[in-house]
Amino acid sequence: MPQLSARVATFTDSVIRRMTRINAETPGSINLSQGFPDFPPPLPVLDRLAQVAYEGPHQYATTWGAQNFREALADKYSPTIGRTIDPASEIVVTCGGTEAMMAAVMTVCDPGDKVIVFSPFYENYGADAILSGADPIFVPLDPPDFSFDPVILEAAFARGVKAIIVCNPSNPTGKVFTREELEVIARLATKYDAFVITDEVYEHIIYAPNVHVPVASLPGMFDRTITCNSLSKTYSMTGWRLGFLIGPARVIEAARKVHDFLTVGAAAPLQEAAVVGLRLGPDYYKQLQATYTHKRDLLCGGLEKLGFTITWPQGTYFVMIDVADFLALPQFANMTDLEFCELVIREIGVAAVPGSSFFHEPVNRYIRLHFAKADEILTESLKRLEKLAALLPANA
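Okay, so the sequence shown: first residue is 0 according to numbering that gives the first Met the number 0, each after it adds one.
Heads up, some of the hints might be wrong.
Claimed, not checked - What follows is a set of in silico ranges between Cβ atoms, one per label pair, in the way DEER data are often shown: (1) 288 x 39: 34 to 40 Å; (2) 262 x 210: 32 to 38 Å; (3) 7 x 378: 50 to 56 Å; (4) 186 x 331: 16 to 22 Å; (5) 7 x 210: 37 to 43 Å; (6) 252 x 324: 49 to 55 Å; (7) 53 x 186: 48 to 54 Å.
Just so you know, the hints here were simulated from the structure itself, not pulled from any lab data.
No experiment lies behind these values; they were computed from the predicted model shown.
Cβ coordinates follow ideal geometry from the N, Cα and C atoms, glycine included.
Build the full structure now, drawing on both the sequences and the hints.
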């Protein structure tokens, strides 16, 4: 039989989605692994979707995005980026943030180019680089605050990188990069003439006093920044697969070609309905922040009361739990974090993601939970996790 491509042997399937599948095979288990909300999009969007079902459009939109959808994106992001975004030349609509990131990497990287990726990282980034033929250079984010060392980062830039990927707020850590940290990244990207590819899908899920600063808004950075984003998390529509890139015209022109041959275009009727979401006023985003702040406090506060060691997220709807004390217990001896997560699904009925899937380094002490769930689901999860917490010597 013919051989498969060598690249597919260099990364695994998604561990996040794998944990969801294992959870589905376990009756009654609660899925806190794959991060999607269990509540619907805003009602005005759903009302518009119902109209579009009968009115259309139902055929291809313009390949790089429907005109009114791009105009709505430009109106929303021009103030936050600090310049007038041209919907005709500086935006391309993609099939979700996943395609946005892949299109961005493929647009700027040739085979053999180097790309900086912070570790821990959302698992797609490493695969994106590999599928693009690029070589990832991993720079550690150091717990518990997951900050980076500017000296180590500059050493990575000095190796001749083409781009750096920055997830802000960060999945899986919940870190929100400060303006000062982003200015360090911007200075090094400028010094070493590299692109900054940002993933900003959690931009509106931020916890006070933290503030989201778009890299493209920093002085002189728009021309070398490709902003990847999607509507999935902000509007609770992960299944709609509506993403986009914002960047300088010369980059977007090239990205449109990549996008055209990857997927042709995002769903036309969903773009039409989602315009309503992009036009929502500031009260929607304040309520979104309040909702997630409550859910973070419910789950994270409950975990701490049970004796778990956690890193409180500054943004996103994820929390990292340090399970080193559990893995040191005799009944879990020599168990990997993946095996531990599988056991927790079977015995406790709560699904998490093993942290090793996010780290380039051999780190085996973290698991990730998400809290984009109804309060009663989070409360039930804490009740189940109490059985696990009881195994800690401090709780014995």
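Outcome of the hint check:
1. Evaluation of the 34 to 40 Å hint for residue 288 and residue 39 yields a failure: the beta carbon distance comes to about 18 Å.
2. For the pair residue 262 and residue 210, the supplied restraint of 32 to 38 Å holds, since their beta-carbon distance comes to about 33 Å.
3. Checking the proposed 50 to 56 Å range against residue 7 and residue 378 shows it is violated: the Cβ atoms sit about 42 Å from each other.
4. For the hinted restraint 16 to 22 Å between residue 186 and residue 331, the CB-CB distance of approximately 44 Å leaves it violated.
5. As the Cβ distance of residue 7 to residue 210 is approximately 40 Å, the hint placing it in 37 to 43 Å holds.
6. At roughly 53 Å, the beta-carbon separation of residue 252 and residue 324 lies within the given 49 to 55 Å, and the hint holds.
7. The supplied range of 48 to 54 Å is met by residue 53 and residue 186, whose beta-carbon atoms lie about 53 Å from each other.
The structure shown violates the earlier hints numbered 1, 3 and 4.
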